[in-house]
Structure formats: C-alpha cells, structure tokens
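Undergrad: Sequence:
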Amino acid sequence: MRAQGTTPDEKGGYTVPTQMLNKVVEAMKAYGGIASVAQILSTSTGQTIEWSTADGTAEEGELLGENTAAKEEDTEFGTASLGAKKLSSKIIRVSNELLQDSGIDMEAYLAKRIAERIGRGEAKYLVRGTGTGSPQQPKGLAASVTGMVEAAAKFSWKDMNALKHAIDPAYRNAGTFRWAFNDSTLKIITEMEDGQNRPLWLPEIAGVVPSTILGVPYVIDQAIADMGPGSKFIYCGDFNRFIVRRVAYMTLKRLVERYADYDQTAFLAFHRFDCILEDTAAIKALVSKGSAPAA
Numbered sequence: 001m002r003a004q005g006t007t008p009d010e011k012g013g014y015t016v017p018t019q020m021l022n023k024v025v026e027a028m029k030a031y032g033g034i035a036s037v038a039q040i041l042s043t044s045t046g047q048t049i050e051w052s053t054a055d056g057t058a059e060e061g062e063l064l065g066e067n068t069a070a071k072e073e074d075t076e077f078g079t080a081s082l083g084a085k086k087l088s089s090k091i092i093r094v095s096n097e098l099l100q101d102s103g104i105d106m107e108a109y110l111a112k113r114i115a116e117r118i119g120r121g122e123a124k125y126l127v128r129g130t131g132t133g134s135p136q137q138p139k140g141l142a143a144s145v146t147g148m149v150e151a152a153a154k155f156s157w158k159d160m161n162a163l164k165h166a167i168d169p170a171y172r173n174a175g176t177f178r179w180a181f182n183d184s185t186l187k188i189i190t191e192m193e194d195g196q197n198r199p200l201w202l203p204e205i206a207g208v209v210p211s212t213i214l215g216v217p218y219v220i221d222q223a224i225a226d227m228g229p230g231s232k233f234i235y236c237g238d239f240n241r242f243i244v245r246r247v248a249y250m251t252l253k254r255l256v257e258r259y260a261d262y263d264q265t266a267f268l269a270f271h272r273f274d275c276i277l278e279d280t281a282a283i284k285a286l287v288s289k290g291s292a293p294a295a
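In full-length UniProt numbering, the protein residues as written are 1 to 295.
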C-alpha cells in the first residue's frame with residue numbers, strides 16, 4: 001500500500017491498485033442479503049437506463065377457431081429510471097506509523113473496512129431507500145413492493161403461508177424464490193411450529209439443500225424492518241425481478257497530502273448503484289400488527 005504502487009490523480013489523491021479493489025468487492029458479498037439473490041446488472045458507465053415495469057399475471061392467451069382473428073390485448077407498461085446513486089465509504093484515516101508496520105496486512109484491513117461501510121450502506125438503501133430526497137435515494141424494496149398481506153393479531157405460520165400463496169405459482173417455481181427478513185424475525189420463526197407441531201424452520205443439509213421455511217429458502221438482511229405496527233417485516237417472491245444496477249468501476253482513493261500535518265494517510269471509496277423492482281407482482285410483503293407470535 002505504499003505510494004509507488006498507486007497512480008496519482010489531478011486532485012492530489014491516488015487510485016488504489018486493482019488487487020485491493022477486488023478484495024473490497026469480494027468482501028462486500030457478506031453484507032448483501034437482498035443483493036445475493038437479486039439480478040445484478042453490472043455496467044461500465046453510470047448512464048441512466050430507462051427500464052420497463054409491468055404486472056402481467058392477469059394476461060393470458062386465447063383459444064382460436066379456424067379462420068378466426070386474434071383479439072388484441074395491450075400490456076400495461078410502466079417506466080422507471082435506473083441511475084447511478086453515489087455512495088461514499090467516508091474517509092478512513094490511518095497513521096503512517098501503522099502503514100509502515102510490516103507485521104500488518106494493511107491492504108486486507110482497509111479492504112475489509114471499506115467493504116463493511118459500502119456493503120452496509122448499499123444494503124440499507126436497497127431495502128429502505130425512498131426514491132426521494134436530496135441527494136435522491138434509490139427506490140428500495142420497502143417503497144417498491146405494493147402487494148401486501150396483513151398478519152393476524154397473533155403472528156403465526158398461517159400468515160407466512162398466506163403470503164407465500166398470495167404470489168402467483170409461476171413465480172414460486174423460480175430458482176430465486178425466497179423469503180427475506182432480518183435476524184430478529186428469523187429467531188421468532190425458528191421457535192414456531194405449524195398446525196401439526198412441526199417446526200417451520202428446517203436446518204441446512206450441507207452441500208445438499210439450504211435451510212428452509214415452509215419449503216422455501218430464505219435470506220437474512222438486517223436492513224429489513226423488525227416486526228412492529230404497520231411494518232413490512234417479511235418479503236416473499238422471485239427476487240430475480242429486483243434489479244440491482246452497479247457501475248463496475250469502484251473508485252478507491254489514497255489521500256496522501258490532506259492529513260500530512262497529522263502524519264496520516266487517508267483512504268476513501270466511491271460506489272455507484274441503483275435498484276428497481278421490474279415486476280410488482282413478483283414480490284409481496286407481510287405487514288405486521290405488532291403483536292407477539294401465537295403460542
């Protein structure tokens with residue numbers, strides 16, 4: 001991580017080597033619950049992409065007799081823009097004494113710190129982003145999902161079953177059909193049983209099948225809300241219809257002069273991304289009334 005291994009830019013910073021960038025990108029995977037099952041669109045630039053959205057579950061073909069004209073049925077498309085919202089890791093200051101300590105793998109340390117910040121920041125906005133504000137936030141899962149099932153006053157396995165079956169079977173057969181919730185909700189679910197006193201949660205069989213709930217795998221994302229009045233605390237659906245756009249080139253800077261009077265070197269990362277739910281029928285949410293689960 002010494003200066004001769006970097007390339008200076010016009011602002012007095014330095015672009016950090018590709019090897020460290022790869023470590024950051026790899027480490028970010030640990031923080032991407034939703035991103036791990038979403039459709040990732042990697043682009044070389046941040047140019048805005050116009051994306052079509054639709055719900056085609058009510059559309060179907062027709063049976064025709066001989067010499068009979070086919071009817072028309074227009075698909076109702078919406079449009080939304082996939083931009084490139086910029087996320088900063090915030091500046092990480094490191095003493096030059098520490099940088100010169102040959103006993104520390106500073107590249108790995110910094111890659112981990114940057115990945116934590118960028119990974120958690122992206123994960124938060126993929127779920128909680130409002131699509132508004134200044135700077136404008138991405139429109140995350142909570143704001144995009146409009147199909148909802150209301151949980152009973154006493155949350156039970158029946159609520160999850162109702163959510164699962166509120167989604168068209170065509171989506172349930174997809175390889176990316178999942179539950180999504182946070183770890184607190186998982187704890188509640190693992191203590192629940194169905195109507196025949198069988199646990200909802202089934203543990204993973206290593207190398208064979210993942211852990212499941214009502215036969216469906218799940219992902220944990222800490223940005224998803226806890227169970228509470230009016231909160232969307234469980235999502236279910238085909239997450240391949242949730243598009244996460246990432247600009248492939250993440251900028252990593254080494255700021256040599258800025259904190260020279262402190263005898264420190266600073267590091268800073270910029271990551272550009274956005275998201276969109278392209279099919280509003282593909283993912284639905286369970287909305288809580290805020291009560292404890294049924295005994």
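Derived by calculation from the structure, the hints in this document are not laboratory data. Fair warning: there could be bad hints in the mix.
Taking lysine to aspartate or glutamate pairs in the EDC-like style, the calculated list, with each CA pair at most 16 Å apart, reads [as the list claims (entries may be wrong)]:
id	residue 1	residue 2
1	K29	E150
2	K90	E50
3	K289	D226
4	K158	E193
5	K23	E150
6	K139	D226
7	K232	E150
Ranges of calculated distance between the beta carbons of each label pair, as one might list FRET restraints [stated by the list, open to error]:
id	residue 1	residue 2	range
8	E107	P169	46 to 52 Å
9	K154	L99	54 to 60 Å
10	T48	A108	45 to 51 Å
11	P135	N22	34 to 40 Å
12	P210	I40	15 to 21 Å
13	R128	K158	55 to 61 Å
14	G228	T45	16 to 22 Å
All C-beta atoms in this analysis are idealised placements derived from N, C-alpha and C, irrespective of residue type, glycine included.
Undergrad: Each of the hints needs a verdict: does it hold here or not?
TA: Status of the hints after comparison with the structure:
no.: 1; hint: K29 - E150; verdict: violated, 32 Å
no.: 2; hint: K90 - E50; verdict: violated, 30 Å
no.: 3; hint: K289 - D226; verdict: holds, 11 Å
no.: 4; hint: K158 - E193; verdict: holds, 10 Å
no.: 5; hint: K23 - E150; verdict: violated, 42 Å
no.: 6; hint: K139 - D226; verdict: violated, 20 Å
no.: 7; hint: K232 - E150; verdict: holds, 9 Å
no.: 8; hint: E107 - P169: 46 to 52 Å; verdict: holds, 49 Å
no.: 9; hint: K154 - L99: 54 to 60 Å; verdict: holds, 57 Å
no.: 10; hint: T48 - A108: 45 to 51 Å; verdict: violated, 36 Å
no.: 11; hint: P135 - N22: 34 to 40 Å; verdict: violated, 28 Å
no.: 12; hint: P210 - I40: 15 to 21 Å; verdict: holds, 20 Å
no.: 13; hint: R128 - K158: 55 to 61 Å; verdict: violated, 28 Å
no.: 14; hint: G228 - T45: 16 to 22 Å; verdict: violated, 40 Å
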